Every structure is written in structure tokens, then in C-alpha cells.
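Start counting the sequence shown at 1; every next residue gets the next number (the UniProt record's numbering).
I should point out that these hints are in silico values taken from the structure, not numbers from a laboratory. No experiment lies behind these values; they were computed from the predicted model shown. Where hints are given, some of them may not hold.
[To be verified] In silico DMTMM-like pairs for lysine to aspartate or glutamate, Cα to Cα no more than 25 Å straight-line: (1) K133 with E39; (2) K53 with E128; (3) K160 with D187; (4) K53 with E91; (5) K36 with D20; (6) K133 with D75.
[What the hints assert, rightly or not] Okay, the calculated beta carbon distance ranges per label pair: (7) K13 with P94: 18 to 24 Å; (8) S60 with L131: 17 to 23 Å; (9) A63 with R155: 30 to 36 Å; (10) G184 with P94: 36 to 42 Å; (11) Q23 with K160: 26 to 32 Å; (12) K53 with D110: 39 to 45 Å.
The beta-carbon is built from N, C-alpha and C at its ideal position, and this holds for glycine as well.
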Amino acid sequence: MNIYCDDGSTNVKLAWFEGDELQTRVSANSFRHGWKVAEFSAATFNYQVGTLKYTWDSVSRDAIPTTNVEYQYGDLNLLAVHHALLNSGLEPQPVSLTVTLPLSEYYDGDCQRNEENIRRKRENLMRELVLNKGRAFTVTDVKVMPESLPAAFSRLAELKPGPAETTLIIDLGGTTLDAGVIVGQFDDISAVHGNPSVGVSQVTPRSCRRAAGGRQRNQRAYCRHGHPQPQ
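Build the full structure now, drawing on both the sequences and the hints.
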């Protein structure tokens, strides 16, 4: 069975076909070290990768950060993909995966395929993972694609741009910002750019701090001018 997997640092998005019908699922990433009690929940996912034990925990303060580029090649990426599969509604079975890498990882500084990173990604997802008291999926093959650019295929097929027209694709993810310029209906890729240090996980906290600072300044101004303090 072929499953398409956008395994981002904050969420994993799955897609597959059942007959002619497209199915999709989204799974959030939230893992911590160790296992948790399983007796009182039907949805406990305790995993082991090599000698290390992990569990999925949506509320733990000890959740391991995944908003970094190295996530793509380590245990947490393997956990995230398998956890999404186990929550897809499909029975555990052998599957072939099509996964993604950020543009800054998929291409090198000369805009060529970074074969080393692609190899690392494939080998990471081919590793064995054990689900305590349960069956896991078996990954038989992994194909790696660049993020963001393939998302334009269907839209470009509808728009039918001419060979002299270009389309700018921008993907602001949880950890990275990807951008690419596509010529015509994928006749060529004119440019790609990936920034591994700009993502929603970096932008959101800064925006919240800026907004909180603005509220505090407004409150102080209101106290001074709207309701003068007694002398």
C-alpha cells in the first residue's frame, strides 16, 4: 500500500487512496521519554526505538522539541510517522511511504539534490520501531520528495500557465520557510530557497511577546491619561 506523508515538525499529514477515494489524516507530534500507564486508556502508545523508550503525550510539559531540522533524521521523526499511521484507521500492514524534506535539506548550496540527506531520511524511516503490546506498520520502501513544490501540481494543471509564465510557491512551516519558482506547468524549476531558521514555531512566540508588550504599554498609558492615579 502506498501512503503519502508530509511529516512536518509539528504535525504529520497522511494521504492515501481507497479505490478512487482520497483519504486524509492529521496527527500532532507530542512525545516524551519513558512510558506511561496503559490500564485506564484505550489510546496509549508506548514505543521503543533501539534501547530508548518513548510515549505519545498530548499534555506533557516534558514533550521533546521537534521544531528543529535534525528532527528529520532522528527518533522523533520515526515516532511521528508511525504514530500517524497507527491513528489513520488502517490496519497495521506493509506500506510504501512517500515523505518530504524541507528545501534547505533536500537541495544543496548549488540547488542539486542532497543525496546524503535523502539517504539519511530514507534509512531513518526504514528502522524498526516496537509498539508495546501492539502491532506496528512495516515500512518496505521510502521515497523522498521536496516539500512545497509538489503541492502545486494539481493547481498548475487547472491553471495551465504558459511556458513563459512563472508561479511562486511559498510554504511557511513549523520550522522552515520554503520558496520556489516554477516555470510553466513544471517545465522547469527556476529557483528554490529554504530558510531553516524561519517558521511558525519561531514567529508565533515573538509575535505573542510583542503583542503582550503592546498591551502592557497601552494599559500604562490608560492609567496615566484615562484614570490618573491619586497624588
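Against the structure, the hints:
no.	hint	verdict
1	K133 with E39	holds (12 Å)
2	K53 with E128	holds (13 Å)
3	K160 with D187	holds (11 Å)
4	K53 with E91	holds (23 Å)
5	K36 with D20	violated (39 Å)
6	K133 with D75	holds (20 Å)
7	K13 with P94: 18 to 24 Å	holds (21 Å)
8	S60 with L131: 17 to 23 Å	holds (19 Å)
9	A63 with R155: 30 to 36 Å	holds (35 Å)
10	G184 with P94: 36 to 42 Å	holds (38 Å)
11	Q23 with K160: 26 to 32 Å	holds (28 Å)
12	K53 with D110: 39 to 45 Å	holds (41 Å)
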